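Q: The lines below spell out each chain.
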Amino acid sequence: MKYLKQFTVIMAVTCVGEILKYMIDLPVPGSIYGLVLMLFLLIFRVIRLEQVREAADLLVEIMPVMFIPAAVGLVVSWEKIRSMLIPLFVIVPVSTFLVMGVTGKVTDFMIGRKTDKEGTQ
Amino acid sequence: MNSFFVGSATAGAVISLISYFIGVSVKKRWKLAILNPLLISIVLVIAFLLAADIDYDAYQSSAGYLSYLLTPATVSLAIPLYRQLEILKKNAAAILTGIVSGVLTSLVAILLMAVLFGLSHEEYVTLLPKSITTAIGMGVSEELGGYSTITAAVIIITGVLGNMSAEIVCRIFRIRSAVSRGLAIGTASHAIGTAKAMEMGEVEGAMSSLAIVVSGLCTVAGAAVFAGLY
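Going down the list, the sequences are from chains A and B.
According to the working numbering, the first sequence is numbered sequentially starting from 1.
According to the working numbering, the second sequence is numbered sequentially starting from 1001.
Be careful, since some hints might not be right.
[As the list claims (entries may be wrong)] In silico SDA-like cross-links for lysine to any residue, where the CA-CA straight-line distance does not exceed 25 Å: (1) A/Lys105 / B/Leu1112; (2) A/Lys105 / B/Ala1033; (3) B/Lys1089 / A/Gln51; (4) A/Lys105 / B/Val1108; (5) A/Lys105 / B/Lys1089; (6) B/Lys1090 / A/Leu41; (7) B/Lys1027 / A/Leu74; (8) B/Lys1089 / A/Phe109; (9) A/Lys80 / B/Asp1057; (10) A/Lys5 / A/Glu61; (11) A/Lys80 / B/Tyr1056; (12) A/Lys2 / B/Tyr1082; (13) B/Lys1089 / A/Leu37; (14) B/Lys1027 / B/Gly1201; (15) B/Lys1027 / A/Asp57; (16) B/Lys1090 / A/Val46; (17) B/Lys1028 / B/Leu1044; (18) B/Lys1090 / A/Leu49; (19) B/Lys1031 / B/Leu1044; (20) B/Lys1028 / B/Arg1171; (21) B/Lys1089 / B/Glu1199; (22) B/Lys1028 / B/Ile1040; (23) A/Lys105 / B/Glu1086; (24) A/Lys5 / A/Leu20; (25) A/Lys114 / B/Gly1201; (26) B/Lys1090 / A/Arg113; (27) A/Lys5 / A/Leu37; (28) A/Lys80 / B/Glu1143; (29) B/Lys1031 / A/Val60; (30) A/Lys105 / B/Met1113; (31) A/Lys114 / B/Arg1171; (32) A/Lys105 / B/Ile1168; (33) A/Lys80 / B/Leu1119; (34) A/Lys80 / B/Ser1067; (35) A/Lys21 / A/Val60; (36) A/Lys105 / B/Ile1034; (37) A/Lys5 / A/Glu18; (38) B/Lys1031 / B/Ala1047; (39) B/Lys1090 / A/Leu42.
These are calculated hints, taken from the structure and not from any lab test.
From a predicted model like this one, the values you see are computed outputs, not experimental measurements.
Make the full structure from the sequences, and use the hints.
A: What follows is the structure in structure tokens.
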């Protein structure tokens, strides 16, 4: 019964996320409402970790496979991006690496500054 | 073969799962960054479909339910995040600053390169949400008058690229803390990158999940402002 219960809890929270998406007119998907809702339910102990843990770990572990169908679909949408192909060849890698680098460095810097402060106190 | 795939509820999913499993084994054996399991599995599935003469729609109809699980799986990212709640609380200011600067970097970089390449306004807004999760990104693109199907394709390419390059980029930029690495990956390459962050460690995975949410929401607001600039 453990998995049935856990799966039910996860699907129910997901469904509430979809209801929120239906009611709120913003370009935010149900999965994001669901994630935030699940986090709050855990923080406020409405749901305990044991009530979702194993089923959630399973879903997270197999998550990479869920992207394969959409990525294979790029073969079909190839025609659509052809007009922008050359700019995309530059824009996608440059912006992706830059965002990764800047986010990481800024966070490192902020964490470092905090630790320094704590050290001198 | 094609009609079998159309009627099958498992064939496409099995091909995808086996391909990914091969991808993981190859990566384990040779440990080269280019041998990314996700990339290998995508190439293998495409090669299989071409070799067996199966169209994408037939594959999709028997693999699609893997994608249906994406919504509950994304919700489940709250669980690793909850386990790292103390780290989140302790570094809240650093985390928020990091993600916001990443989102701004993305928007500014796309603006500058759109000017450089002389993209049309529609093409520019199509690319603005390229680093965030597909469902938010497509919505943003559509709202701003972009081509949302191109946005979806570019988001997936960005994700796979982030997944492939995360370890190298973190090493080149010498990103020290696990918190920073996770946020960097999630902000740059959303859920597909997060799958990699999960493999790197529990802290990386949790922070990457957090970055999907926060950077996604910041981009909704930021892209609306940036759309007016070019």
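Q: Can you confirm whether the C-alpha distance between lysine 21 of chain A and valine 60 of chain A stays at or below 25 Å?
A: Holds, because 22 Å separates the two Cα atoms, which is no more than 25 Å.
Q: Compare the distance between the alpha carbons of lysine 1028 of chain B and arginine 1171 of chain B with 25 Å, and conclude whether the hinted pair is satisfied.
A: The given pair, whose Cα atoms are some 19 Å apart, holds under the 25 Å limit.
Q: Does leucine 49 of chain A lie within 25 Å of lysine 1090 of chain B when you go C-alpha to C-alpha?
A: 21 Å, holds
Q: What's the verdict on lysine 114 of chain A and arginine 1171 of chain B, does the C-alpha distance respect the 25 Å limit or exceed it?
A: Roughly 23 Å separates the two Cα atoms, so the pair holds.
Q: Would you mind confirming whether the straight-line C-alpha gap from lysine 1089 of chain B to glutamate 1199 of chain B stays at or under 25 Å?
A: Satisfied, since the Cα-Cα distance of roughly 23 Å is no more than 25 Å.
Q: Lysine 1027 of chain B and glycine 1201 of chain B were given as a pair; does the straight-line alpha-carbon distance stay at or below 25 Å?
A: Answer holds: lysine 1027 of chain B to glycine 1201 of chain B is near 17 Å, not above 25 Å.
Q: Holds or violated: lysine 5 of chain A and leucine 20 of chain A, Cα atoms, limit 25 Å.
A: OK: lysine 5 of chain A and leucine 20 of chain A at ~23 Å, within 25 Å.
Q: Given the hint that lysine 105 of chain A pairs with valine 1108 of chain B, does the C-alpha gap stay at or below 25 Å?
A: The hint holds at about 17 Å.
Q: Is the Cα-Cα distance between lysine 80 of chain A and glutamate 1143 of chain B 25 Å or less?
A: 19 Å, holds
Q: With a cut-off of 25 Å on the C-alpha distance, tell me whether lysine 1028 of chain B and isoleucine 1040 of chain B pass.
A: OK: lysine 1028 of chain B and isoleucine 1040 of chain B at ~13 Å, within 25 Å.
Q: Need the status of pair lysine 1027 of chain B, leucine 74 of chain A: alpha-carbon distance at most 25 Å?
A: 23 Å, holds
Q: Below or equal to 25 Å on CA atoms is what counts here, so check lysine 1031 of chain B against valine 60 of chain A.
A: 23 Å, holds
In the structure shown, no violation is registered for any of the earlier numbered hints.
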